[in-house]
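Starting from the known structure of chain A, fit chain B onto it as the hints suggest.
Protein chains: 2
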Amino acid sequence: MREVFHQSLEDVQNRLVEIAGLVTVAIDKATRAFEASDVALAEEVIEEDAVIDDKATALDELAIEILARQQPVARDLRIVVSALRMSASLERMGDIAEHIAQLTRMRFPERAIPKGLKSTFTKMGKLDTEVARRLTELLRTEDLTLVEEIRNFDDKLDDLHVSVFEKVLSDSWQGDPSATVDATLASRYHERFADHAVSVAKKVLYLSTGDWMVHTDTIELPLADQPG
Amino acid sequence: MREVFHQSLEDVQNRLVEIAGLVTVAIDKATRAFEASDVALAEEVIEEDAVIDDKATALDELAIEILARQQPVARDLRIVVSALRMSASLERMGDIAEHIAQLTRMRFPERAIPKGLKSTFTKMGKLDTEVARRLTELLRTEDLTLVEEIRNFDDKLDDLHVSVFEKVLSDSWQGDPSATVDATLASRYHERFADHAVSVAKKVLYLSTGDWMVHTDTIELPLADQPG
Chain A
1 MREVFHQSLE DVQNRLVEIA GLVTVAIDKA TRAFEASDVA LAEEVIEEDA VIDDKATALD
61 ELAIEILARQ QPVARDLRIV VSALRMSASL ERMGDIAEHI AQLTRMRFPE RAIPKGLKST
121 FTKMGKLDTE VARRLTELLR TEDLTLVEEI RNFDDKLDDL HVSVFEKVLS DSWQGDPSAT
181 VDATLASRYH ERFADHAVSV AKKVLYLSTG DWMVHTDTIE LPLADQPG
Chain B
229 MREVFHQSLE DVQNRLVEIA GLVTVAIDKA TRAFEASDVA LAEEVIEEDA VIDDKATALD
289 ELAIEILARQ QPVARDLRIV VSALRMSASL ERMGDIAEHI AQLTRMRFPE RAIPKGLKST
349 FTKMGKLDTE VARRLTELLR TEDLTLVEEI RNFDDKLDDL HVSVFEKVLS DSWQGDPSAT
409 VDATLASRYH ERFADHAVSV AKKVLYLSTG DWMVHTDTIE LPLADQPG
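Line by line, the protein sequences give chains A and B.
Note that my numbering has the first sequence beginning at 1, numbered continuously upward.
Note that my numbering has the second sequence beginning at 229, numbered continuously upward.
Hints listed in this document are in silico derivations from the structure and should not be mistaken for laboratory results.
Computed from a predicted structure; not experimentally measured.
Glycine included, every Cβ here is placed at the ideal spot set by N, Cα and C.
Any given hint could be a false lead.
[What the hints assert, rightly or not] Not everything, but these chain B residues come out facing chain A in the computed CB check (under 10 Å):
(1) Leu312
(2) Arg379
(3) Val409
(4) Ser436
(5) Thr437
Here chain A stands alone, though its shape is the one from the complex:
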């Protein structure tokens, strides 16, 4: 039973890594499409998001099957429940990549990236892609030094997000309302993407370091309380 469970967990982990890899491809393409007004690349991202959604749903079904079949407790249970949450965050990251691609498509053949903010959004796009890459690596290797790196990138993205609003609200801003809308939405998407990554990274950290142990009292139960 124990070995079966560990094979199942490996399967869960492999699927999380796979989905994170697809999300990395999506955000890389989406941010490059946004920067270059490449509508064909944007279309790819929009089309491929369904694959991420399907894989997240399949992972959820696997996690529920593991809960039903193997009835894990304590740390094992926390791992499976966390997988459900990480899958939801990764799916949402895929949605955000799709939103950035949709902005690109909506403005085409105009540039979606507002004038005067090109270098800011180029930085944000690269940071988001690096965040996704490191998150994939974290899920694969459980190398916890990556958590801090992801957090640092997120801090940089927060600063850039603030700088977009400073720019848009400054006297020097020449953009029309359409550029202002695009800057606002695109900046928020770029910033939220990394927030979700931090949320996944924190779960990996908690599971590895046992920070969730504060709650363990309530779930370590005498065997007599368990069915069978």
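Below, chain B without anything else, positioned relative to chain A:
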């Protein structure tokens, strides 16, 4: 065991209803604060969001405890897993109410609600509050006619969201960049709030009608496969 499980489920349901009730208060206050530039009311929403977060965390812990202690399978398992997801959506709805309150505070003593969009945002605020109210009622009564009502309100919110962008991008738009940013963010928050409500409502519907049964094959297992 069975009776204990049903008491636990009742506890889960009561807590979901309680959190949805708090979210209803939050969105009602936040949208009224936004409309009236009432910074004191906005502060209340910001302060009270921590209560929603704490209650959502406590519900998650209860759900995990039920999984560990009572090891439900099949439909019972789906209910507990769904509660985890509903709790996440409700918590997010609370965050969105807080974001609307933060917009109000950020612009004070100026009005956060952009000129020319007052009636639109008043409508959006009322719809979001009605959505939250009906969601609370749905969780309490499982009256499935409410699902359709929530969906209809969500459709109206989507239409209003589109109309905000049409207005902002029209030649008649007189707003400065700050008004454009506010309209964009506020409209997106109002629209996302209802999306999360629809997501929760759908889960109640699935659990009640058994639409999730399509996947049941994979979790209905012979007893021999279960521990104990």
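- Task: Would you pick out the hints that fail for this structure and give their numbers low to high?
- Result: Result: hints 2, 4, 5 break, sorted rising.
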